[in-house]
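J.: Each chain, letter by letter, is given below.
Number of protein chains: 2
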Amino acid sequence: MEIKVIKNILEANEVIASQNKRLFEDKGVYVVNLMGSPGAGKTTLLEKTVKHLIDKKRIAVIEGDIATSRDAEKIAAHGVPTLQINTGGACHLDGNMVRGGLKEFNFENIDLLFVENVGNLVCPAEFRIGEDDKVMIISATEGDDKPLKYPLMFQVSSLLLLNKVDLLPYIDFDLERFRNDAIRVNPRLEILTISCRTGEGLDNWYRWLEEKINRKRD
Amino acid sequence: MEIKVIKNILEANEVIASQNKRLFEDKGVYVVNLMGSPGAGKTTLLEKTVKHLIDKKRIAVIEGDIATSRDAEKIAAHGVPTLQINTGGACHLDGNMVRGGLKEFNFENIDLLFVENVGNLVCPAEFRIGEDDKVMIISATEGDDKPLKYPLMFQVSSLLLLNKVDLLPYIDFDLERFRNDAIRVNPRLEILTISCRTGEGLDNWYRWLEEKINRKRD
Chain A
29 MEIKVIKNIL EANEVIASQN KRLFEDKGVY VVNLMGSPGA GKTTLLEKTV KHLIDKKRIA
89 VIEGDIATSR DAEKIAAHGV PTLQINTGGA CHLDGNMVRG GLKEFNFENI DLLFVENVGN
149 LVCPAEFRIG EDDKVMIISA TEGDDKPLKY PLMFQVSSLL LLNKVDLLPY IDFDLERFRN
209 DAIRVNPRLE ILTISCRTGE GLDNWYRWLE EKINRKRD
Chain B
29 MEIKVIKNIL EANEVIASQN KRLFEDKGVY VVNLMGSPGA GKTTLLEKTV KHLIDKKRIA
89 VIEGDIATSR DAEKIAAHGV PTLQINTGGA CHLDGNMVRG GLKEFNFENI DLLFVENVGN
149 LVCPAEFRIG EDDKVMIISA TEGDDKPLKY PLMFQVSSLL LLNKVDLLPY IDFDLERFRN
209 DAIRVNPRLE ILTISCRTGE GLDNWYRWLE EKINRKRD
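Chains as they are written, first to last, in our numbering: chain A, 29 to 246; chain B, 29 to 246.
To be clear, the hints were calculated from the coordinates, so they are not data collected in a lab. Check the hints yourself; a few may be wrong.
If several chains are the same, the list does not tell them apart, and a pair holds so long as it fits within one copy or across any two.
Below, computed lysine to aspartate or glutamate pairings styled on EDC-like, alpha-carbon distance capped at 20 Å [said to hold, decoys possible]:
| # | residue 1 | residue 2 |
| --- | --- | --- |
| 1 | Lys55 | Glu238 |
| 2 | Lys102 | Asp209 |
| 3 | Lys49 | Glu101 |
| 4 | Lys76 | Asp173 |
| 5 | Lys102 | Asp200 |
| 6 | Lys84 | Asp200 |
| 7 | Lys102 | Asp202 |
| 8 | Lys49 | Asp139 |
| 9 | Lys76 | Asp200 |
| 10 | Lys85 | Asp173 |
Take these sequences, add in the hints, and give me the full structure.
T.: In structure tokens, the structure reads:
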């Protein structure tokens, strides 16, 4: 019985997510759904990315949080249209929550919609919101065993950003094992190593993102 | 409508959790529900705790994971009765999943049942399993802003273990801000700082746990 309920929720979500996606297609907006555990570095990555791209691309941001609008305030301070969605306890954004916020933006003037999901390595992976790509960020301090233990998020993501690689000298983390397990779970997964703190590797991420945006507008 | 469904699931869970709790009370078993994000250090803490207590207390372990039985294998290697519950995608353990596993143990011979929940800072907080105490573990690398952003888990926990404090010199983490925010969210929350890697602070945790076990058996 419980499984049936969950299935219906997921099916209803698919319908709404497809409607969102059609709107984004019409307007030529490239949409990223950024997912990862609490503290993986989602907001810091977003801030750095906004700063880097703001003169080149027209950006809008949706911040998903259970409570507080701290992250949205941080991002809005950079001068991009930002919407906070407080889920009020729910552990992920879904298509309907995102749809409810879309009227806040004028998508004629936007190249990139960046959606930061609720911090959670599990549930957000199950709910499409109409995105072009799911990008996951995981910090090296979370451990190298995560691809096999939390496979779904690795399976549904296009790109995996391994963050906090500046801490690798101080922790036990087998980068080769991590890479191999991630690729085993999702052979099409691209992987970039970064440190939002030192800036290492961020150029590769910016390049990846700009290519996606440019391809969408062509 | 969706909210109603979720409410019914939560109510049904409460009934089963209370039944589990009654069984644990009858047998004098102290039950910990250990929660935290992926990579916070749950399994490492559990391994260290089992090693430390195994000559003094009779321990059983339930390992909750989405997939794989890696953690259960690690724990069982220490010679304690261990049950793996694979949730098959679900982001938390609930009362019913735990109930299904209870017949695997002979609780006449157990002082402590240690339940390691699925790695997730959100959903496990909503589901009682019949535990005496919820204990949350968070690693300093997750950031000092978590109490206000993920308040529920802080609210429902009796004890907060701040792990990986050996990394504090290499990261930006305001310990005082973290403590103050955590206490603001839950004034009754006890907080211990530990490092599973260096062993720092673990004695305080062992003492806390042993007192709880002894009080339950009196």
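J.: Of the numbered hints stated earlier in the document, which are not met by this structure?
T.: 3, 6 and 10
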